[in-house]
Amino acid sequence: MTDSKYFTTTKKGEIFELKAELNSDKKEKKKEAVKKVIASMTVGKDVSALFPDVVNCMQTDNLELKKLVYLYLMNYAKSQPDMAIMAVNTFVKDCEDPNPLIRALAVRTMGCIRVDKITEYLCEPLRKCLKDEDPYVRKTAAVCVAKLHDINAQLVEDQGFLDTLKDLISDSNPMVVANAVAALSEIAESHPNSNLLDLNPQSINKLLTALNECTEWGQIFILDCLANYTPRDDRESQSICERVTPRLSHANSAVVLSAVKVLMKFMEMLPKDLDYYGTLLKKLAPPLVTLLSAEPELQYVALRNINLIVQKRPEILKHEMKVFFVKYNDPIYVKLEKLDIMIRLASQANIAQVLAELKEYATEVDVDFVRKAVRAIGRCAIKVEQSAERCVSTLLDLIQTKVNYVVQEAIVVIKDIFRKYPNKYESVIATLCENLDSLDEPEARAAMIWIVGEYAERIDNADELLESFLEGFHDESTQVQLQLLTAIVKLFLKKPTETQELVQQVLSLATQDSDNPDLRDRGYIYWRLLSTDPVAAKEVVLAEKPLISEETDLIEPTLLEELICHIGTLASVYHKPPSAFVEGSRGVMHKRLPLGGDIGGSPAMGAGFGAAPAVMPASLNAPVGGGLGDLFDLGGGVGMPMGAYIPPKTVWLPAMKAKGLEISGTFARRAGVIQMELVLTNKAMSVMTDFAIQFNRNSFGLAPAGPLQVLTPLGPNQTIEVSLPLSTVGPVMKMDPLNNLQVAVKNNIDVFYFSCQYPISMLFVEDGKMERQVFLATWKDIPNDNESQFQIQDCHLNSDAASNKLQGSNIFTIAKRTVEGQDMLYMAIKLSNGIWVLAELKMQAGNPNYTVSLGTRRDGEQHY
Amino acid sequence: MIHSLFLVNSSGDIFLEKHWKSVVSRSVCDYFFEAQERASEPENVPPVIPTPHHYLISVLRHRIYFVAVIQSEVPPLFVIEFLHRVVDTFQDYFGVCTEAAIKDNVVVVYELLEEMLDNGFPLATESNILKELIKPPTILRTVVNTITGSTNVGEQLPTGQLSVVPWRRTGVKYTNNEAYFDVVEEIDAIIDKSGSTITAEIQGVIDACVKLTGMPDLTLSFMNPRLLDDVSFHPCVRFKRWEAERILSFIPPDGNFRLLSYHVSSQNLVAIPVYVKHNITFREGSSQGRFELTLGPKQTMGKGVEAVLVSSQLPRGVLNTNLNPTQGTYTFDPVTKLLSWDVGKINPQKLPSLKGSMSLQAGASKPDENPTINIQFKIQQSALSGLKVNRLDMYGEKYKPFKGIKYMTKAGKFQVRT
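Note that the protein sequences, when read in sequence, are chains A and B.
The first sequence begins at 1 in UniProt numbering and counts up one residue at a time.
The second sequence begins at 1 in UniProt numbering and counts up one residue at a time.
Because the hints were derived from the structure by calculation, they are not lab data.
Hints should not be assumed to be uniformly reliable.
Here are the computed lysine-lysine pairs in the BS3-like style, where the Cα-Cα straight-line distance is at most 30 Å [claimed, not checked]:
#1 Lys327(A) - Lys303(B)
#2 Lys355(B) - Lys298(B)
#3 Lys327(A) - Lys193(B)
#4 Lys103(B) - Lys45(A)
#5 Lys402(A) - Lys327(A)
#6 Lys117(A) - Lys303(B)
#7 Lys359(A) - Lys298(B)
#8 Lys327(A) - Lys366(B)
#9 Lys19(A) - Lys117(A)
#10 Lys35(A) - Lys135(B)
#11 Lys388(B) - Lys29(A)
#12 Lys337(B) - Lys272(A)
#13 Lys318(A) - Lys413(B)
#14 Lys345(B) - Lys283(A)
#15 Lys359(A) - Lys193(B)
#16 Lys35(A) - Lys355(B)
#17 Lys402(A) - Lys303(B)
#18 Lys410(B) - Lys398(B)
#19 Lys345(B) - Lys93(A)
#20 Lys45(A) - Lys135(B)
#21 Lys103(B) - Lys327(A)
#22 Lys19(A) - Lys135(B)
#23 Lys240(B) - Lys327(A)
#24 Lys93(A) - Lys128(A)
#25 Lys35(A) - Lys131(B)
#26 Lys359(A) - Lys103(B)
#27 Lys128(A) - Lys19(A)
#28 Lys345(B) - Lys406(B)
#29 Lys103(B) - Lys206(A)
#30 Lys322(A) - Lys21(B)
#31 Lys388(B) - Lys322(A)
#32 Lys388(B) - Lys283(A)
#33 Lys78(A) - Lys21(B)
It should be emphasised that the depicted structure is a prediction, and the values quoted were computed from it without experimental measurement.
Make the full structure from the sequences, and use the hints.
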């Protein structure tokens, strides 16, 4: 007597028979029929044709039958909206049932029927249920608000359900609180800037109380919500930490990880010398270790997060190296993560153990894992200088195994070790050369060629070795070709007499017989360099190379900080900011770790960091001030008096941080269009393609107006200048500093993040002229606290010249007055988002210092 | 929150789907199947898979993949923990969690999933509450239902859900009141070639079976609570009391539950109960390899080591083996290359050994990798860490319960490298 009987079909139409049974007079038969219908539904059969018959069974006192019909309704109401209306009356009636279980069930099911027409009827019952005397009904209704919001957000707002939901945060029942928090969090995700979860010390207290008493799932919601709060001071921070710490002993790993997130974030605010700080650090290690004894899927997520935690606070797990040792039957995804963390934790104290382990792993079966283990040995050498020698000898041992992929991997990492410690381990080159023939992977071949070229003077038969590669030049991959070209040129510069012929050969292969523009270009450059100025060639080709460091593997600090605030989420698993990839989260705000304990004292910073819109002018001052200074800085006004000020290009993204891609640039305003002028330089060994750019949401809604125009691939050592037009209609979020812009640039290698600051002057629009009267009225309107004053030093311009000059940057002089030998210029600036900034410029003849008073009315503040 | 759930069997068929919000087409699982194809072993399928519009988070249990579909940012651990809870509930209800059992009880499964999540939010996941809402199918109940026409859906409001002890159902009555606790420790260890310990740690749990009438309030104290510095508790345990007095005080759920799990880390000295002497060698140019393995007891606190099972994944080059065990039986699967030796009990006077030769592919070079030996064993009546319960007391009820505490040590991931 199992449910599988529901799957047996009869020869006659199945639907037909079910229909007959559903309309049977016998209760028992009806129920069996509904069960059959549900069974068909679960396996994906279409039984929607039975809709009216099933709905007819709804009015029953039998709870199971009712539930089954509800199940069916939820699945098919969407495809039969008109029929679903038939069910509404029963729902409304059930919402008044004396049994709270039925009330809850009705409101819960109604919310799951995703039909617009039904939602209208849902409002009244829902309102009642939100205020029901029974907490079970209230907590179900809280979730129902989230459901309704998903179907019709406007309706939920109009009906004031959001406020009712907020009230439920203060409910006496912890489960109701938890569900209200969960519902609000979900709604907040689709509402970027709403203050739905407006947290203050009182509500925090409520949440912390509910935290102790609600279910494990509720605890997760509450902890995740707590993590969004920024405590006022270190004392509040400590008291929250104290109340969250017990959650670290919870059996549910998701609760543990959410608690870790809260603690990691609030710890930032605790003074480091506090006893409690040390205690907290100690308390964090055991639960993290425990996560690693759970099922492999949990381990994987835990490991990805531990990877972040170890980068942020290595001290927490520094004594726990052994728990990351790989067991041979761990799934591969766990093995690879453990390996990564082992390297991060490697230090002088434990390096011997780590190396012994890595060597063991290098003899395992799984090829991917073995490769990564060999790479790990190289990374250890680069990270722990004292261990470099031991690492090199371990690698040599591995090369002796003659296992093809081990040898190749080892050669690639030895190249990196050479780059980190030049002139130290070259004695091993002979051993490497023995394995030349077995190298068949481009990366290993390129690495070997690099080594031969770099140390050509120490390898007697370097020319023979390189020549042997040259035979199949056209069959090699670009990476190897480029490397071979450079290596032979190096060899020539070192031993010019014997290798003339070889270099001729490679240059002609590269320039005449190749279709690859990168290779051709590099060939020509070398050729010309060599033929015009061999000394210069030497300087260029044999220039001292920057040392590589371990940092290349680390996550960029601002990203790391953001990810720490997102511990336990998908973002933390992918190590990417949440805005970068999750579809439903358009509204995700960038989270920052709170600043250290000493911030309280500085009022200026307080004003600058405050999130309240009223302080906008105060924080504007800094960038505007700096910008104005710059505008004058152009000084003598030679070349282009009418042009707008363009700051010089600065390096935004050093090549070290972006796998060889260097980006420098500036901003300019040309013909009313804001341009981002970028210079991309490829300092890596391989070609870069597929460039794309994206901005994070920023204060003035800057966004690329078109794609990044890098059409040709960017070869090694190539540079390209691109100009990217920007629009100001993108999504807005207040940044700090105000003119900060976070940029992501993608290429075929990876995605890189950097942030830069744009001069505020480029946002000054051309129609910024103001009527005198309007100006006067506005000037008077500006509240005092929106005004600020500062001085511009050392500027030798008279008032007319200054006014002309500023006009070039869209700062318009509205009026001019001379009072007691002082020239007063009154100027207006309009920002791209419609905010007016008014300025008064006082200049005294002969005094190079100007005084500027700035003010802005609260125009356009609704943008913030 | 959690959008949908798909159950996929080992041959890659979706045999059940459940949607808590709008319906997500099952074609989303194609991404999962791709990953499954790429994985060399079934357990190597990555637990989090991104697709253009969704994320797939999966666990593999009892050779069934439980694939959850999510659309927005949801903590992956939350999803994985929930999936585990689903597996546990199925097992609890149907005795086993297999494709056949799920298909046989598909309506109950559907009802359960509906109760466990509402719009993707967990609703009732405690087995005590679920059983009040939906009665587990038993043969007797099925018969009774057919005769009386009653149903397996409870008529009551799940009262436990609202009380301060949401994990315990109310109105519990037993004629025999009993409370049994099992202290079970698993030792995870990696032993290197030379026999020295690389890491060893103990994962311990205290599982309880409590069948007590009414609302009993229990306390459990230990002889050496100092050992428990890294613990995870069932929500019923009063944390403050533990912090202050190192006493476990709790109102237990009804029936079987895990009271706490603990971890004795590698920094404490962990006793290793068995040792292995091994000699597995391949010679270059020879098509034969030698295999010798001897087991012996080490630090067992005077208790016997039983249910010993040795297994090892031999290198791919091994065609067959010809081995002689001094006791027990051994098998070698020439396809998967898995050697397993069911040893049974270790007799300290006559140590069990397995000796003989392996035949290799003729002409092939000697295998690169060294096989790792996996050992399972049990030691009754002792917890390896030395943890001991001092006393168990009951308050709040008048009757005298039967009490019992059992100890056991097992091998977890106990691996010896060769």
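Tested hints:
no., hint, in the structure
1, Lys327(A) - Lys303(B), "holds (28 Å)"
2, Lys355(B) - Lys298(B), "holds (21 Å)"
3, Lys327(A) - Lys193(B), "holds (14 Å)"
4, Lys103(B) - Lys45(A), "holds (15 Å)"
5, Lys402(A) - Lys327(A), "holds (25 Å)"
6, Lys117(A) - Lys303(B), "violated (71 Å)"
7, Lys359(A) - Lys298(B), "holds (28 Å)"
8, Lys327(A) - Lys366(B), "holds (24 Å)"
9, Lys19(A) - Lys117(A), "holds (27 Å)"
10, Lys35(A) - Lys135(B), "holds (16 Å)"
11, Lys388(B) - Lys29(A), "violated (57 Å)"
12, Lys337(B) - Lys272(A), "violated (55 Å)"
13, Lys318(A) - Lys413(B), "holds (24 Å)"
14, Lys345(B) - Lys283(A), "violated (41 Å)"
15, Lys359(A) - Lys193(B), "holds (13 Å)"
16, Lys35(A) - Lys355(B), "violated (59 Å)"
17, Lys402(A) - Lys303(B), "violated (47 Å)"
18, Lys410(B) - Lys398(B), "violated (37 Å)"
19, Lys345(B) - Lys93(A), "violated (67 Å)"
20, Lys45(A) - Lys135(B), "holds (27 Å)"
21, Lys103(B) - Lys327(A), "violated (36 Å)"
22, Lys19(A) - Lys135(B), "holds (28 Å)"
23, Lys240(B) - Lys327(A), "violated (37 Å)"
24, Lys93(A) - Lys128(A), "holds (12 Å)"
25, Lys35(A) - Lys131(B), "holds (20 Å)"
26, Lys359(A) - Lys103(B), "violated (48 Å)"
27, Lys128(A) - Lys19(A), "violated (36 Å)"
28, Lys345(B) - Lys406(B), "holds (20 Å)"
29, Lys103(B) - Lys206(A), "violated (45 Å)"
30, Lys322(A) - Lys21(B), "violated (43 Å)"
31, Lys388(B) - Lys322(A), "holds (27 Å)"
32, Lys388(B) - Lys283(A), "holds (24 Å)"
33, Lys78(A) - Lys21(B), "holds (11 Å)"
In the structure shown, a violation is registered for the earlier hints numbered 6, 11, 12, 14, 16, 17, 18, 19, 21, 23, 26, 27, 29 and 30, in ascending order.
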